[in-house]
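Undergrad: Each chain, letter by letter, is given below.
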Amino acid sequence: MNRGAARPGSAGLLARPGGALTLLFVWPFLLYVCAFLILPTLMLLATAFRGGHGATWHYVGELGQTQTLIAFRNSIELSAVSALAGLVIGGLAAYFVLRPGMPGGLRSLVTTFSAVAANFAGVPLAFAFIATLGSLGVITVWLKSIGVDLYATGFRLYSISGLVIVYAYFQVPLMIIVITPALQALRSEWREAAENLGASSADYWRHVGLPILLPSLLSAYILLFGNAFSAYATPYAISSGIVALVPVEISNVLSGNVMLSRQTGAALAFGMIIVMVVVMALYALISRRVARWSRR
Amino acid sequence: MKGRRRSAAGPKIGLTLIGLYFLVPLVSTGAFSLWEGGNRYGFRAYLALIHQAELWQSLGLSLRLALETILVGLVILVPAVFWVNLRVPRLRPVFDFVSVLPFVVPPIALVAGLTALYRGPSWFVGTANYLVVPYVILALPYTYRALEVGMRALDLRTLTEAAESVGAGWLTIMFRVIVPNLSTALIGAALLTIAIVMGEFTFANILLFNTFAVYINYVGQTATTEAAALTLLSFLITWLAMLGVLLTGRGQAQIGGAR
Numbered sequence: 000m001n002r003g004a005a006r007p008g009s010a011g012l013l014a015r016p017g018g019a020l021t022l023l024f025v026w027p028f029l030l031y032v033c034a035f036l037i038l039p040t041l042m043l044l045a046t047a048f049r050g051g052h053g054a055t056w057h058y059v060g061e062l063g064q065t066q067t068l069i070a071f072r073n074s075i076e077l078s079a080v081s082a083l084a085g086l087v088i089g090g091l092a093a094y095f096v097l098r099p100g101m102p103g104g105l106r107s108l109v110t111t112f113s114a115v116a117a118n119f120a121g122v123p124l125a126f127a128f129i130a131t132l133g134s135l136g137v138i139t140v141w142l143k144s145i146g147v148d149l150y151a152t153g154f155r156l157y158s159i160s161g162l163v164i165v166y167a168y169f170q171v172p173l174m175i176i177v178i179t180p181a182l183q184a185l186r187s188e189w190r191e192a193a194e195n196l197g198a199s200s201a202d203y204w205r206h207v208g209l210p211i212l213l214p215s216l217l218s219a220y221i222l223l224f225g226n227a228f229s230a231y232a233t234p235y236a237i238s239s240g241i242v243a244l245v246p247v248e249i250s251n252v253l254s255g256n257v258m259l260s261r262q263t264g265a266a267l268a269f270g271m272i273i274v275m276v277v278v279m280a281l282y283a284l285i286s287r288r289v290a291r292w293s294r295r
Numbered sequence: 000m001k002g003r004r005r006s007a008a009g010p011k012i013g014l015t016l017i018g019l020y021f022l023v024p025l026v027s028t029g030a031f032s033l034w035e036g037g038n039r040y041g042f043r044a045y046l047a048l049i050h051q052a053e054l055w056q057s058l059g060l061s062l063r064l065a066l067e068t069i070l071v072g073l074v075i076l077v078p079a080v081f082w083v084n085l086r087v088p089r090l091r092p093v094f095d096f097v098s099v100l101p102f103v104v105p106p107i108a109l110v111a112g113l114t115a116l117y118r119g120p121s122w123f124v125g126t127a128n129y130l131v132v133p134y135v136i137l138a139l140p141y142t143y144r145a146l147e148v149g150m151r152a153l154d155l156r157t158l159t160e161a162a163e164s165v166g167a168g169w170l171t172i173m174f175r176v177i178v179p180n181l182s183t184a185l186i187g188a189a190l191l192t193i194a195i196v197m198g199e200f201t202f203a204n205i206l207l208f209n210t211f212a213v214y215i216n217y218v219g220q221t222a223t224t225e226a227a228a229l230t231l232l233s234f235l236i237t238w239l240a241m242l243g244v245l246l247t248g249r250g251q252a253q254i255g256g257a258r
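Sequence order for the protein chains is E and B. Here numbering that gives the first Met the number 0 is used: the first residue of the first sequence is 0, the next is one more, and so on. Here numbering that gives the first Met the number 0 is used: the first residue of the second sequence is 0, the next is one more, and so on.
Chain E extracted, bound-state conformation (with noise of 0.2 Å):
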């Protein structure tokens, strides 16, 4: 390396000692991280744990009332289902996409709804979703004009099952942007190769196409249950509340609407974290296994 090239004696970046500048540059980064990221975490944690007389799992302990076991398993109901519908649609209308005869344009119009899809979320999605399903919904009123009487069926949209309509939004546009590239890489000679030796389109998915994309599938299936895990505006805005879902109950807890204590508030939020550490581990994990696969 030719690090001379700068003028004797001076001090650039590529000859000095890295110490000082390394204080300079990065620092300030890490800093930000730590007091607004970090600390907040830990504060947290140390808010769950602490009664007051030293530490305590009383609050912890709390997560195990009706309420907030409600409220998890709601959560993670609905982030589950959710994601499966991201995940089969999704991937369904990727592979659509990408197959052969189908229209010049539609391949790029796809991928940029998908990214203003995957972007419109919060409260805006959800009064479009009131605007077209609620109960004076412009659906549900031509439903009704024909005879029938959605909500008569029992549906709702703040429920479970309707918030799944909603989710799939912006879960079916994640889906087809993170399936795409693992679509592309099966190479067409391994399903030519699979046909000059007789397999059928379902023996080919079955043996070949599927095992491959298998850890895709499964590391695309995580990120969408993390992201219909962590989701808060959407849900909040139809259902103001009445739909049991952790984070609800976190932003009740923290604007003082409920009885549960701001320790129990603070156990919520560490439990959540818990799930969305263990939620992306494992998309590490597989993610790897993908990336090593992908290499060989």
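Since the hints were derived computationally from the structure, they do not count as laboratory data. Using N, Cα and C, we set each Cβ at its ideal position, and we do this for glycine too. Among the clues, some could well be false.
[Stated by the list, open to error] Partial list, computed: chain B residues near chain E (C-beta under 10 Å):
#1 74
#2 75
#3 93
#4 112
Dock chain B against the given chain E, drawing on the hints supplied.
TA: Quick look at chain B alone, frame taken from chain E:
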């Protein structure tokens, strides 16, 4: 391609159905925003909105916060990512790890932690500018990714050597060499940050600041047709920002947003 002679009717029907699922709520929202009760349709909701000072205030506030978030995020990240790539690559795993942490701590949990930790001083937590603090964290994974990809494509060592050999100091290198070379990555990161901040609801709602998303929610409690009009406006903003990201990047779709 041989062996795929089957008709494409199935996929086309499938895609049409999926497309309908995405189109119907948008069209419905458009129709709903024009509804004036009964069988009358018109632009009353839009006209009512234009004259509301709160709309412009909340829109202005969200836009200002987005710009501040971009600025703070870039000021702390550009030098750090530059230095990690140039001199201390052993820190890269730390950065990769830190950049996914915002996914692990959901916004609602982070706001709970922030309110427990910081109760003052009021010039810090009492004004809407405080929202920039968590917004930088929200945008961090995307900004970091964009900068990391952008800097890897540059030959930082040669650029720095060349600049130093003509006597540039580190500030000059940063502003006159690195930043101009990263403009594509920076624009992409900035537009994505705008999309995230314009729709962000969690922090603003809990910390009681009247941003655009909070205003939409507030309007939605009383005037649903006006909320539908605002929803369309919000969709338009997201659409413009993402179109910008896709045009400046190389067709790379990115994911952010406040769910």
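Undergrad: Each hint needs a verdict: does it hold in this structure or not?
TA: So, going through the hints one by one against the coordinates:
no.: 1; hint: 74; result: 8 Å, holds
no.: 2; hint: 75; result: 4 Å, holds
no.: 3; hint: 93; result: 8 Å, holds
no.: 4; hint: 112; result: 3 Å, holds
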